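Q: Read off the chains here:
Protein chains: 2
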Amino acid sequence: MNALIVAGGTPPSGALLQEVVRRKKPFILAADRGAKVLLDQGIAFEVAVGDFDSLDEDSQGALRDRAKVTIYPRAKDFTDTFAAYRAAREQGAKQIVLLGGTGSRIDHLLANIGLLQQALADSIRMTLLDDHNQINLLNQSQEIPKGPFPYLSFSALGQTVPHFSLQGVRYPLTDHSLRFGSGLTVSNEFQAPFASVRFKEGLVLMLQTSDEPFLEALPQVPDWSF
Amino acid sequence: MNALIVAGGTPPSGALLQEVVRRKKPFILAADRGAKVLLDQGIAFEVAVGDFDSLDEDSQGALRDRAKVTIYPRAKDFTDTFAAYRAAREQGAKQIVLLGGTGSRIDHLLANIGLLQQALADSIRMTLLDDHNQINLLNQSQEIPKGPFPYLSFSALGQTVPHFSLQGVRYPLTDHSLRFGSGLTVSNEFQAPFASVRFKEGLVLMLQTSDEPFLEALPQVPDWSF
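Heads up: the protein sequence lines correspond to chains A and B, in order.
For any residue, its number in my numbering is found by taking its place in the first sequence, counting from 1, and adding 75.
For any residue, its number in my numbering is found by taking its place in the second sequence, counting from 1, and adding 75.
Be aware that a few hints might be false.
The list makes no distinction among identical chains, and a pair is therefore deemed to hold if it is satisfied within one copy or across any two copies.
Below, a list of computed lysine to any residue pairs in the SDA-like style, where the Cα atoms sit at most 25 Å apart [unchecked claim]:
id, residue 1, residue 2
1, Lys-275, Gly-233
2, Lys-221, Leu-130
3, Lys-221, Asp-152
4, Lys-169, Gly-136
5, Lys-221, Ser-179
6, Lys-275, Gln-234
7, Lys-275, Arg-254
8, Lys-221, Glu-287
9, Lys-100, Thr-249
10, Lys-221, Phe-153
Hint data in this document are derived by calculation from the structure and do not stem from the laboratory.
These numbers were taken from a predicted model, which means no experiment stands behind them.
Modelling step: build the complete structure from the supplied sequences, incorporating the hints.
A: Next up, the structure:
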C-alpha cells in the first residue's frame, strides 16, 4: 500500500501534490499544517496529526466536518511528521512519499532525513519530495532510472561509504570514499537511461535536484520513479 | 580575521546581511550568485568565485569595474562555495560566516554542512546562517549563550554520539545516545542564559532555529554569538 504524508514545511505546488495523488493513489495523512494544504487543494485524507492551532477557523471547521478523519493530538517527544509516519506504518504502508517535509526549518529537514533511515529499518521505501528535490536513502547497490531532475547528487549518511562507484553519469566514480557533505559528489548528471550506484556497506543519501521547480519546466509530466 | 562568504542559495535579508557586516567587519567573498546579492546591497567585496553567467549585464559590468576583486573561475570538482572557503582560509580567516548557503537545493545545503566539518578540521569557527537558522558543528562540550532564536535542536553528524547531555533547556537530556536526524532533539528551548552541551566524542550539529525570520521578530537587534 502507498501512503502520502503532507507535513507542515513549505507547501508543495498543487501540480506536484495532484501528480503524486494521481499516480500513487495513496492513503493520505496530514501532519500539522499539512492539513491546510490538503484542505485547500480539496484532497480528502484519512489521518491528521497535530493540534491545528495554527489553522484558521474555516480550516478547523472543515477538519472537524470530515468525520472519517482520525485525529491524533500533538505529541511531546516526537514530531507530528514522525507520528504520521507511525500511523502510515500501522496501516501497512510499503511505500511512503513525504511532501512538505522541507522548508525554512533545517532541524525539521534533518529529522525528516532521519525518518528515511527509520523507514529503511522498517523495510518501507520512503521518498522525501518537493518541487526541487527527490531524496532517497539507499542501503544497497541499485540502478536508478533517469527522471525529470537535471542533477544527481550523493552524500554518505553516517560513516564514510567505502568503494562507492557510479556509472552512467557525466562524472563517473570508481572506488570512491563517499563522505557526508562532499562537494565532489554534488551536481552530477545522467548520461544514460539508468545510473548504476554500487557500494557494499553504509548508507547513501541520493538527491535528484533541480534549480527550477521541476514539473513547471516540463511540457508534460514524465514517467519517473519516486 | 573574520570572513563572510555569500553564496548563491536563497539570498539573506538585507537586515541580516548588513548586521553581519556591521558586527563582524569581515573580509567578504562572493560565491556564484552571491555576487549579485552583495552588488544589490552595495556592499564591497574582495573575492568572487564563479563564472557569473547568470548575472545580468549590469551586474557583470559592476563586477568588472571593481578592480580590487579577485575573480576565480568556476571549478569542475568542487563547488564555488568550497572555492570561496579555501580562499578565506588562505587569507587567514579564523572565523567564517556563510550566508546564502541554504535554499531550495538540498544537495548544496548538505555540501555546506560538510564545509562545517572541513572548517573544524582546519580549526576555523564556521557558522551557516540564514534568516531562520544558525547552524554550528561542535566537536567538544560547551556553554551556548541564548540568542534570538526560539528553538534549539541537535543532531549527530556521522556516528551516534554517546553520553550526550543537555542542561539549561526546557527538555534536558542526560546520557542520551544522539543519532542523526532524531525527532526527540528537535525544538528544544532555552530556559537559562546558557545551555550546557556535554559529550565526550563525535560531532554534534547544533541548530538554532525560528519559524519566522528572526531579525524581523525583534524590536532591536540582540547581542548574540554566531
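Q: Next, verify each hint and record whether it holds.
A: So, going through the hints one by one against the coordinates:
Both within a single protomer and between protomers do Lys-275 and Gly-233 lie at most 25 Å apart by alpha-carbon distance, with minima of 15 Å and 18 Å respectively. Taking identical chains as interchangeable, the C-alpha atoms of Lys-221 and Leu-130 are never at most 25 Å apart, the minima being 39 Å within one chain and 30 Å between chains. Proximity of Lys-221 to Asp-152 under the C-alpha cut-off of 25 Å is restricted to the inter-copy arrangement: shortest distance 22 Å between copies versus 39 Å within a copy. Proximity of Lys-169 to Gly-136 under the C-alpha cut-off of 25 Å is found in neither arrangement, the shortest distances being 32 Å within a copy and 55 Å between copies.
Proximity of Lys-221 and Ser-179 under a CA criterion of 25 Å is satisfied inter-copy only: 21 Å between copies versus 28 Å inside one chain copy. When the C-alpha separation of Lys-275 and Gln-234 is checked against a cutoff of 25 Å, the pair qualifies both within a copy, at 13 Å, and between copies, at 18 Å. In this assembly of identical chains, Lys-275 and Arg-254 lie within 25 Å of each other by CA distance both inside one copy and across copies; the values are 15 Å within and 22 Å between. Taking the closest pair of Cα atoms, Lys-221 and Glu-287 come within 25 Å of each other only inside a single copy of the chain (17 Å); across copies the shortest separation is 37 Å, beyond that limit.
Taking identical chains as interchangeable, the C-alpha atoms of Lys-100 and Thr-249 are never at most 25 Å apart, the minima being 39 Å within one chain and 44 Å between chains. Taking identical chains as interchangeable, the C-alpha atoms of Lys-221 and Phe-153 lie at most 25 Å apart only when they sit on different chains, with a minimum of 23 Å there against 35 Å within one chain.
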